[in-house]
Amino acid sequence: MIEFHLDGRSGVSPYQQIVQQVKNALRLGLLREGDQLPTVKDVVGQLAINPNTVLKAYRELEHESLVAARPGRGTFVTRTLTDHSLAAHGPLRQDLNRWLTKARKAGLDDESIEALFMTTFRTAAQEDIA
Amino acid sequence: MTTALKAQGLGKKYGRRWALTDCTLDVPAGRVVGLVGPNGAGKSTLLNLAVGMLTPTAGQIEMLGNPAGTTQQNKIGFVAQDTPTYARLSIADHLKLGARLNPGWDDSLAQARIQQLGLDLKQRAGKLSGGQRAQLALTLGVAKRPELLILDEPVAALDPLARREFLQDLMEAVTEHELSVILSSHLVSDVERSCDYLVVLVDSRVQVSGDIDTLLATHYRLVGPRREEKSMPQNQHVVSVSHTDRQSTYLIRTDEPVLDPAWTVSQLTLEDIVLAYMGRSTSAPQNNRPLLEVQR
Numbered sequence: 001m002i003e004f005h006l007d008g009r010s011g012v013s014p015y016q017q018i019v020q021q022v023k024n025a026l027r028l029g030l031l032r033e034g035d036q037l038p039t040v041k042d043v044v045g046q047l048a049i050n051p052n053t054v055l056k057a058y059r060e061l062e063h064e065s066l067v068a069a070r071p072g073r074g075t076f077v078t079r080t081l082t083d084h085s086l087a088a089h090g091p092l093r094q095d096l097n098r099w100l101t102k103a104r105k106a107g108l109d110d111e112s113i114e115a116l117f118m119t120t121f122r123t124a125a126q127e128d129i130a
Numbered sequence: 001m002t003t004a005l006k007a008q009g010l011g012k013k014y015g016r017r018w019a020l021t022d023c024t025l026d027v028p029a030g031r032v033v034g035l036v037g038p039n040g041a042g043k044s045t046l047l048n049l050a051v052g053m054l055t056p057t058a059g060q061i062e063m064l065g066n067p068a069g070t071t072q073q074n075k076i077g078f079v080a081q082d083t084p085t086y087a088r089l090s091i092a093d094h095l096k097l098g099a100r101l102n103p104g105w106d107d108s109l110a111q112a113r114i115q116q117l118g119l120d121l122k123q124r125a126g127k128l129s130g131g132q133r134a135q136l137a138l139t140l141g142v143a144k145r146p147e148l149l150i151l152d153e154p155v156a157a158l159d160p161l162a163r164r165e166f167l168q169d170l171m172e173a174v175t176e177h178e179l180s181v182i183l184s185s186h187l188v189s190d191v192e193r194s195c196d197y198l199v200v201l202v203d204s205r206v207q208v209s210g211d212i213d214t215l216l217a218t219h220y221r222l223v224g225p226r227r228e229e230k231s232m233p234q235n236q237h238v239v240s241v242s243h244t245d246r247q248s249t250y251l252i253r254t255d256e257p258v259l260d261p262a263w264t265v266s267q268l269t270l271e272d273i274v275l276a277y278m279g280r281s282t283s284a285p286q287n288n289r290p291l292l293e294v295q296r
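Protein sequences appear in the order of chains A and B.
Note that my numbering has the first sequence beginning at 1, numbered continuously upward.
Note that my numbering has the second sequence beginning at 1, numbered continuously upward.
Take these hints with a grain of salt, some might be off.
Unchecked claim - Mimicking EDC-like on lysine to aspartate or glutamate, the simulated pairs with C-alpha atoms at most 16 Å apart in a straight line are:
1. LYS41/A / ASP211/B
2. LYS56/A / ASP213/B
3. LYS102/A / GLU114/A
4. LYS41/A / GLU271/B
5. LYS56/A / ASP26/B
6. LYS6/B / ASP26/B
7. LYS41/A / ASP93/B
What the hints assert, rightly or not - Quick look at which bits of chain A chain B covers, simulated, 3 or more residues with Cβ under 8 Å:
8. 5-12
9. 18-25
Said to hold, decoys possible - Some chain B residues flagged as far from chain A (calculated, every beta-carbon gap over 12 Å):
10. ARG31
11. GLY65
12. ALA92
13. PRO103
14. GLY130
15. ASP159
These are calculated hints, taken from the structure and not from any lab test.
For every residue, glycine included, the Cβ atom is placed at its ideal position computed from N, Cα and C.
All chains should be modelled from the sequences, with the hints used to inform the complete structure.
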């Protein structure tokens, strides 16, 4: 069983935070196939959030076939997130470090680097959607 | 039953002052509705009209499909402002009173809740802390087993811990008994956590109402080179705007994505949205009363 927590200043909506926390737990092996997620009543009793927020998060997880609801019993994990992307993290981090060195040589300060990264990231994300 | 509260041109006048004007609302059932606005905006007036403690000066209000204050009384629970209890009566007396006055009273639920809260049945309500008194009032409201529970500023006077505990218990009750809830508050952070529907009331008028997820998904902040309001596209409804010599900052509501590359578009928090609508009423031309004039 895992426990959820909410970060009020993250700008991420509460239901997405729950979805992310379940997915992270699946990636890290904290949740395995057959494990039960906290009941909606437990979550709202602990976090004082709206029950629909929890239901929405669980529905989304169900939609992604990560969990399944068993009527009257609860919501259970049906699939683990095997992390084949983990191996790629190292080389990607090296690339990013090289890029950061280049950006610093070009005279960008930390804030400029962050701004450049975020605008590029957002534009790319929007193009993916469009 | 699909609507919890339906108001049409609803208004209430105290003497010569309108406490609520031209209020038209359609709040679905099965939701937890947050009613926010500054003090004196008309929140309590609206809630008192909803439970039939006040009669409207203008317009109509229906609760769960019937005119407010009629046959629906047993289906609606009401916890008034400052969570009032009878100071000289014990907790046991309060539960007895609840059982006498409410045909649908769930005594085992009430007893279980009091036990869970660790309260002594023999204790007088006057000796309880603010948080305990609020919990007692909530117990009475929930044990009535209403379809709709209305709470007027239930957590305003509570410390952060008592507030959190109160909201935890309220949300548990919502889950367990499939309650609809309307609660007023001036704390947007509480509303953001526990509610899924928002009504913003400022200066006796409803400024905006709707599903919170929808509100968050349809409001944006646009920052870019100065541009006049007249030249904004038709489908972008301007909530607030400010200009400097070269820059304009717009807060808009739109159902369509903002594609104009001149703008830096950012998402808003619920607090940003609420504050924008609150600020708007003071500058709106049809209403030149200052916001603070009606504060108690």
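Right, here's what the structure says about each hint:
1. LYS41/A / ASP211/B: Violated. LYS41/A to ASP211/B sits at ~22 Å, over the 16 Å cutoff.
2. LYS56/A / ASP213/B: Cα-Cα ~11 Å, so holds.
3. LYS102/A / GLU114/A: 14 Å, holds
4. LYS41/A / GLU271/B: Not satisfied, since the Cα-Cα distance of roughly 27 Å exceeds 16 Å.
5. LYS56/A / ASP26/B: This hinted pair is violated, its Cα atoms lying about 23 Å apart.
6. LYS6/B / ASP26/B: 5 Å, holds
7. LYS41/A / ASP93/B: Outside the cut-off at roughly 30 Å; violated.
8. 5-12: holds (count 3)
9. 18-25: violated (count 0)
10. ARG31: Non-interface label fails for ARG31/B: nearest chain A Cβ at 8 Å, not farther than 12 Å.
11. GLY65: The claim stands: GLY65/B keeps its Cβ more than 12 Å from every Cβ of chain A (closest is about 22 Å).
12. ALA92: 26 Å, holds
13. PRO103: At roughly 27 Å from the nearest Cβ of chain A, PRO103/B sits farther out than 12 Å, so the non-interface label holds.
14. GLY130: 17 Å, holds
15. ASP159: 14 Å, holds
Violated hints for the displayed structure, listed by number in ascending order: 1, 4, 5, 7, 9, 10.
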